[in-house]
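Asker: These are the residues of each chain, in order.
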Amino acid sequence: MIVVKQLPRPPLIDCRTPIPAVSSVIPARDGRDRDHLGGLFGRGTLLLGLCAILLALQARPAGAVIMPPVTIDGPSEEIVGFGGVAMASDGTGGLVYLKRVEGVAHVFVSRYVGGQWLAPIRVDTEEPFAASWPRIGAANGGELVVVWATAFATERSRPVDELLGATLGPGSASFGPAIIIDPDIRDGTGTSPELAMSSTGQADVVYRVVTVGAGQRTTIPLLRPGDVIEDVRVAHFNGGRWARLGAINRNGGVSMRPPTQTNAPQIAIGPTGNAVVVWQEPDIEGVARIWARRVFGTSLDYVLPVSAASFAGRPIGDDADAPSVSMSRIGQAEVAYRQGVTPGSPLPGPRIFLNTLPDGESADGSQFSGAAIVDPEVSGGMSASVGPPSIDVDEKQDIRLLYDSNGTPRVIQGNDLGLAGTLTLGPPFAGSASASVMNPAGGGVSAWQSADPHGHPALAVREDFPEGAVQTALLSGGAGGEIGELAVGRSGLGDGLVGFRQGPLGNAAIVAIEVSAPPAQFVINVPKGWQRPSVVTVSWQEAPSANPPLSYRVVLDGRALPTAGGFALRLNPRGLGSGRHAVQVLATDATGQATLSAPSTVMIDGVPPRVRISRRGGHAVSVRVTDAYSGVDTHAISVSFGDGSSARGRARFTHRYARSGTYRISVHVRSKLGIPGTIHEWVSVR
Amino acid sequence: MRRLSTICSAATVALLAGAAPAGADVFGPISLVSTNALQQADYAHDPAISGDGRYVAFDGSLGGVTGVWRREVSSKTVEQVAGGDATLPSISQDGRYVSFTTTEQLVPGDGNASPDVYVRDMSLPAFGPCKAGEEVPRPCPYRLASAVNKPEGAPSSEEALSYQTSEPTRYGSVAAGRSALSADGRYVAFVTTAVSNLANPNRAGSETVETPETPALQVAVRDLLAGHTELASPLYEPATGSPAQNAAGLDLPVPGGAVYSGAAAFPSAFQGASLSADGSTVAWLGESISAQAAALPSDNARVATYTEPLWRRVADGPHAITRRVTGGSDPASAQCATSGETQLVQPRTLADPCGGPFDTKPIEPGTPPEGVWTLGNASNDFLPRLSADGSKVAFLANARLIAGGEEFNHAEASDDLYLADMRAGLTRTQALRRLTAIASGEVGDVARNAPIFDLGISPDGNQVAFSSRRTVFPLGSPAFVSVPAAVPGMRELYSADLANDTLTRVTRGFERETQASEEPHGEVPAGEDPYSAQEGAASVSFTSNGATLAFASSASNLVYGDGNAPKVKNGNSPIDGSDAFVVSREVFAPTPTEGSISSAPAGPAITPLWRLGVTAASRPDGSVVLYVTLPGAGRLQAAARGSVPLSARSARRSKRSRAGRRASTRGVTPVAVRTVATSAVGSSAGGSITLTLRLARAFTSLADQRGGLSSTVNLTFTAAGQATLHDSIPVTFQRTAHAARHRSRTSKAGKRRSR
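Heads up: the sequence lines are chains L and E, in that order.
Under my numbering, the first residue of the first sequence is numbered 1, with each subsequent residue one higher.
Under my numbering, the first residue of the second sequence is numbered 1, with each subsequent residue one higher.
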């Protein structure tokens with residue numbers, strides 16, 4: 001039972017339209033920058049910084065995991081497009097969008113650092129022409145890479161675009177100069193670049209270049225009416241410069257389906273910089289299939305078929321589209337796609353398929369394991385409506401896939417050994433865009449276009465936690481409006497930055513939501529064997545989290561101890577009784593989410609062996625030494641019976657006094673841990 | 001600090017100000033309207049949209065049939081208004097009435113071969129031209145607007161103006177497209193392009209039918225309800241400052257013609273005069289300015305070919321004066337009247353009390369003077385257009401604007417768009433607002449100085465739309481906010497939103513917002529312009545609320561499936577692939593969403609184990625300190641027990657015990673296990689506590705013996721509802737020698753004091 005309530009929102013600083021109007025530096029026609037309020041305040045950058053501070057003051061609520069939406073910019077008629085959002089494993093990231101400056105669309109980025117969105121900055125400061133197709137990637141330390149297309153020349157009265165990239169280095173305040181990735185992407189039609197960046201700073205971009213558009217003359221026979229001739233190209237960024245890998249599709253002499261967003265190529269990258277690119281391309285029969293190719297830095301592997309060519313022994317003659325790819329930390333790629341149907345298809349209806357490419361170092365890593373339907377429970381038969389899938393995979397090869405099944409959001413979970421089950425989410429889709437984030441500890445985040453009870457567009461967000469708890473939200477920017485392009489940036493730790501355009505072009509806003517996950521599990525170290533109370537130190541490794549800084553508390557026998565900073569704590573010996581104690585460490589991130597480490601046991605021996613002296617019959621006494629903890633060091637035991645006699649080297653002694661009297665027995669003991677003790681005890685014998 | 005606070009305040013104000021929804025123009029998808037349910041028009045030009053947006057009238061060819069057509073936008077129903085060469089429609093508010101010009105003789109009273117102006121009542125069916133003496137009388141759907149005044153105002157008695165011309169099919173009366181008909185369909189403005197009997201100078205009454213003696217190029221307004229045609233461009237009488245009248249008290253026509261003669265011949269894209277929607281005001285591009293309005297004694301405007309837009313509120317009656325909308329001089333202004341100036345100051349300056357906003361060229365021998373419009377012919381829309389109440393006039397001019405400083409070379413080869421406010425009390429300079437400016441004087445730089453082709457103004461005067469091949473609009477007010485095309489192509493339609501001070505491109509390809517208007521064209525050499533100046537958008541009109549625009553365009557990519565683009569262009573053929581379109585302005589209203597976030601799940605549960613933890617330390621004073629970790633609230637009891645030798649006194653007290661008896665009987669000091677120290681403490685919460693155990697008085701001396709007193713402390717922790725916890729720990733009560741000496745000294749000192 002989810003209790004739905006409205007969380008108090010932080011006082012949002014509405015840096016909508018005024019942000020650029022107040023603070024942006026807009027290039028004047030003479031080529032020099034001019035400050036809109038320069039005469040009033042001296043430098044616009046002062047207000048830029050002020051706005052950044054104001055934005056930064058939006059403290060995020062502690063304990064929340066689905067954060068309230070933040071309107072990055074707008075609503076404004078100047079916002080003309082949303083490009084994407086990216087997040088690195090350290091929780092930094094950014095969001096890119098298009099905004100007009102003096103009528104010309106330019107690329108703007110809002111950085112996400114320390115849990116706050118900073119005031120947008122313009123990326124293409126040196127570019128006078130309109131930009132399009134912006135995409136963003138993020139690496140640790142706040143590093144960002146942005147690519148975009150811009151016109152730079154005309155050929156036969158048609159613009160010729162180039163693909164550019166710029167980098168924001170860690171700690172930098174502005175983007176570096178634009179670097180040409182591809183000097184000729186024709187007129188930019190259907191470019192649909194996709195940028196994937198590893199947290200270590202390497203990136204790959206895949207994009208299309210339509211060389212012969214629909215209706216244009218070509219000597220290449222068209223497989224379908226309306227087809228185009230296009231390249232699918234890849235470029236690699238090694239952290240310093242871009243290298244073009246050229247066209248990577250199978251056959252440049254085969255026509256392709258007209259470019260749309262749902263048949264755009266996709267790419268995923270691993271931490272080592274190796275990537276997997278997937279794209280749609282017709283096979284020899286003219287049926288559009290999904291293909292994949294590994295990219296090892298600047299080297300290309302073989303083209304691998306992804307989509308199924310037959311089902312139940314009958315050929316599939318319908319196009320597949322909407323590929324979605326994700327790559328695990330060790331290099332296993334998961335590709336989901338949508339298989340369309342027409343009457344006569346062997347499939348019962350349109351379906352989402354999943355195919356796995358094992359990691360490249362495994363024996364079977366050279367080919368996909370085979371496409372399979374992920375969710376057989378799709379009603380509606382041939383007329384069923386199935387939306388594009390969004391897939392994510394974690395380091396354990398667990399997958400999470402979200403898609404629109406007849407308007408119902410469905411999550412498919414599983415791993416490389418098989419699909420574990422489905423989860424039907426609510427409320428229903430109102431659109432088909434979705435985003436899925438996998439939490440390596442279990443569960444994940446699902447976000448999709450939906451509507452509130454009154455039918456107003458909203459983004460539905462659901463987070464499934466590793467322990468099974470669920471948090472849900474219906475979110476919208478302040479001005480509301482239709483949810484446009486939607487994108488997600490993943491930390492790889494279960495956190496996601498969801499960005500989207502809200503409101504129609506011409507009155508659009510750029511909105512972002514952070515959905516954070518608790519810190520990941522981490523390792524703690526306790527000394528092995530029996531320990532003296534005074535020397536017990538518990539240490540732990542840093543808990544992976546995208547929401548730093550983290551604080552830690554040592555939990556001893558279920559009781560949280562006062563813990564200073566750092567990654568170790570020497571236990572207070574006072575009150576630390578002998579015996580076995582359960583030790584855990586609680587890591588709490590900046591959002592108030594906490595993760596308790598797996599329990600460890602620390603064994604304390606703080607007392608000497610116990611001595612038991614008892615009278616036996618007659619003048620005899622017995623001395624017995626025991627230790628319930630580290631044990632008795634019998635070699636160190638010596639007994640003085642008080643009558644001048646003594647013994648040593650054993651744990652049990654029996655002594656008979658020669659005559660009656662009162663004697664004081666002294667027993668020197670030592671535990672195996674070295675805890676010494678001396679017991680003096682009076683006995684009287686008769 | 002004060003400065004920072006000021007900055008913060010300013011920034012806050014700026015931020016809050018920006019929170020208001022922006023209201024710049026955003027247009028939705030473009031819809032093709034020159035089509036019925038079955039076929040697309042072969043071509044369509046000059047669309048005019050009704051005030052309520054329900055109908056669009058256009059001229060063109062549908063299924064090979066030419067004429068004026070009316071399309072109901074929502075139903076795709078297209079009806080013919082009039083056939084033949086009918087052209088240039090205007091439409092009433094509700095779309096019932098459509099005016100047009102045609103040489104067809106549609107009523108019995110039209111016996112000439114000249115173009116005449118008609119109004120069709122679309123509520124009545126049309127079965128061809130109305131004829132007199134039909135066997136079955138039917139109401140005639142046509143009303144003749146270019147008709148003479150007659151006592152009877154009945155439609156059946158309407159008689160066309162008589163014309164005197166050598167080219168009767170080209171000259172007669174013409175009405176402007178889009179702006180000739182009042183909203184209620186009652187008034188029609190038109191221009192006579194031939195000598196006519198509209199308002200003969202020596203006419204004796206207002207209801208006369210005479211031979212044509214009225215000079216050509218006069219503006220008239222026909223009241224269809226009253227059956228009366230009024231001369232709207234009367235001759236100016238400088239002596240009285242009022243219209244000149246003949247002996248019968250009737251307005252005299254302008255001898256040389258009142259209207260710019262550039263496009264008099266029928267048919268032409270731009271001709272006629274504009275009428276405000278309320279029928280109160282008429283505007284035209286005038287010649288012989290000094291014959292129609294006030295002029296300085298040595299004013300350029302005194303030359304007949306000098307052109308300026310003129311304006312007259314005909315609703316004010318026959319004595320209403322004609323006013324100059326703009327121009328090189330402003331003799332009607334109050335400051336000019338008091339200055340006594342008779343000639344404009346040269347070079348021109350805005351400080352001249354009689355100067356107008358434009359630098360019209362002075363009269364020089366051998367060179368014709370130039371008005372505000374010198375581009376000639378019908379290449380551009382020279383007609384001034386009026387807001388619904390006539391108070392605002394949008395017009396094109398190519399003269400140099402004095403306030404703009406020196407312009408580029410060849411600036412006069414292009415024109416710009418202006419808006420004038422005709423409310424009283426404003427000088428013509430004060431009343432003028434510039435809406436476009438060229439950005440280059442380079443010949444052939446289409447992107448920066450292509451002409452503004454035509455224009456339209458919304459009824460409220462807040463929107464002015466125009467078409468042009470120009471792609472660069474350097475003015476900051478209104479600010480161009482659309483993505484400019486990389487290269488100039490066909491004429492695009494632009495709309496200036498004066499309320500929001502923005503300029504937006506309206507036309508775009510259906511594929512994406514930034515796509516330019518296009519139509520098929522053959523391969524052209526690199527650098528050569530594939531489009532001509534005549535291709536693209538034109539003829540824009542607005543609905544009453546300004547939310548929907550109708551326009552024509554020869555582009556073939558504005559909507560998907562536009563299929564009438566000709567394969568081979570013929571510049572003289574009307575079959576140019578042009579169509580009529582409508583596009584609506586999108587009005588954005590906040591649609592707040594009812595957002596919610598469910599409560600976040602609780603963090604990991606931490607449950608303390610129910611156990612005791614205890615350590616002990618012997619203190620030099622003979623006590624023992626216990627450090628105990630409690631699992632929760634409760635009471636802790638500690639008792640130390642050890643074997644102690646009993647003193648004689650103690651032994652006697654314990655005689656009853658067997659050990660005591662034996663010991664005492666055999667002379668052996670008895671030993672017994674005794675509780676030597678106890679302590680207890682209550683705790684309201686778990687955590688660490690400290691407990692001190694001190695030997696009972698009877699046993700304190702035992703702490704002084706060598707090795708101290710060894711004991712075992714048993715701890716018992718009780719808490720309501722919880723299991724009782726037990727623990728034990730060995731301890732030694734031992735007082736060090738130093739502590740013992742200190743205790744001894746303090747004891748002796750106490751005894752001395754007591755003595």
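Take the hints with a grain of salt, since some may be wrong.
[Stated by the list, open to error] Cβ pair distances, simulated, as ranges:
{"hint": "1", "chain 1": "E", "residue 1": "D501", "chain 2": "L", "residue 2": "R244", "range": "54 to 62 Å"}
{"hint": "2", "chain 1": "E", "residue 1": "A696", "chain 2": "L", "residue 2": "S539", "range": "31 to 39 Å"}
{"hint": "3", "chain 1": "E", "residue 1": "S584", "chain 2": "L", "residue 2": "G169", "range": "42 to 50 Å"}
{"hint": "4", "chain 1": "L", "residue 1": "V113", "chain 2": "E", "residue 2": "P592", "range": "26 to 34 Å"}
{"hint": "5", "chain 1": "E", "residue 1": "I689", "chain 2": "L", "residue 2": "S622", "range": "34 to 42 Å"}
{"hint": "6", "chain 1": "E", "residue 1": "D501", "chain 2": "L", "residue 2": "G171", "range": "38 to 46 Å"}
{"hint": "7", "chain 1": "L", "residue 1": "S539", "chain 2": "E", "residue 2": "S684", "range": "30 to 38 Å"}
{"hint": "8", "chain 1": "L", "residue 1": "L417", "chain 2": "E", "residue 2": "S688", "range": "43 to 51 Å"}
{"hint": "9", "chain 1": "L", "residue 1": "V101", "chain 2": "E", "residue 2": "A424", "range": "37 to 45 Å"}
{"hint": "10", "chain 1": "E", "residue 1": "P592", "chain 2": "L", "residue 2": "S539", "range": "47 to 55 Å"}
{"hint": "11", "chain 1": "E", "residue 1": "T690", "chain 2": "L", "residue 2": "S622", "range": "52 to 60 Å"}
{"hint": "12", "chain 1": "L", "residue 1": "N251", "chain 2": "E", "residue 2": "P592", "range": "19 to 27 Å"}
{"hint": "13", "chain 1": "E", "residue 1": "S684", "chain 2": "L", "residue 2": "A469", "range": "45 to 53 Å"}
{"hint": "14", "chain 1": "L", "residue 1": "R570", "chain 2": "E", "residue 2": "L609", "range": "14 to 22 Å"}
[What the hints assert, rightly or not] Take a look, some chain E residues computed to stay more than 12 Å from chain L by CB distance:
{"hint": "15", "residue": "G53"}
{"hint": "16", "residue": "G205"}
{"hint": "17", "residue": "E210"}
{"hint": "18", "residue": "D223"}
{"hint": "19", "residue": "G441"}
{"hint": "20", "residue": "E513"}
{"hint": "21", "residue": "A605"}
{"hint": "22", "residue": "A617"}
{"hint": "23", "residue": "P631"}
Honestly, the hints are just simulated from the structure, not real lab data.
The beta-carbon is built from N, C-alpha and C at its ideal position, and this holds for glycine as well.
Asker: It remains to establish, for every hint, whether it holds in the given structure.
Answerer: Hint by hint, here is what the structure shows:
no.	hint	in the structure
1	E/D501 with L/R244: 54 to 62 Å	44 Å, violated
2	E/A696 with L/S539: 31 to 39 Å	45 Å, violated
3	E/S584 with L/G169: 42 to 50 Å	47 Å, holds
4	L/V113 with E/P592: 26 to 34 Å	29 Å, holds
5	E/I689 with L/S622: 34 to 42 Å	37 Å, holds
6	E/D501 with L/G171: 38 to 46 Å	40 Å, holds
7	L/S539 with E/S684: 30 to 38 Å	33 Å, holds
8	L/L417 with E/S688: 43 to 51 Å	49 Å, holds
9	L/V101 with E/A424: 37 to 45 Å	41 Å, holds
10	E/P592 with L/S539: 47 to 55 Å	51 Å, holds
11	E/T690 with L/S622: 52 to 60 Å	36 Å, violated
12	L/N251 with E/P592: 19 to 27 Å	51 Å, violated
13	E/S684 with L/A469: 45 to 53 Å	32 Å, violated
14	L/R570 with E/L609: 14 to 22 Å	21 Å, holds
15	G53	20 Å, holds
16	G205	58 Å, holds
17	E210	58 Å, holds
18	D223	43 Å, holds
19	G441	16 Å, holds
20	E513	7 Å, violated
21	A605	8 Å, violated
22	A617	8 Å, violated
23	P631	8 Å, violated
Of the numbered hints listed earlier, those contradicted by the structure are 1, 2, 11, 12, 13, 20, 21, 22 and 23.
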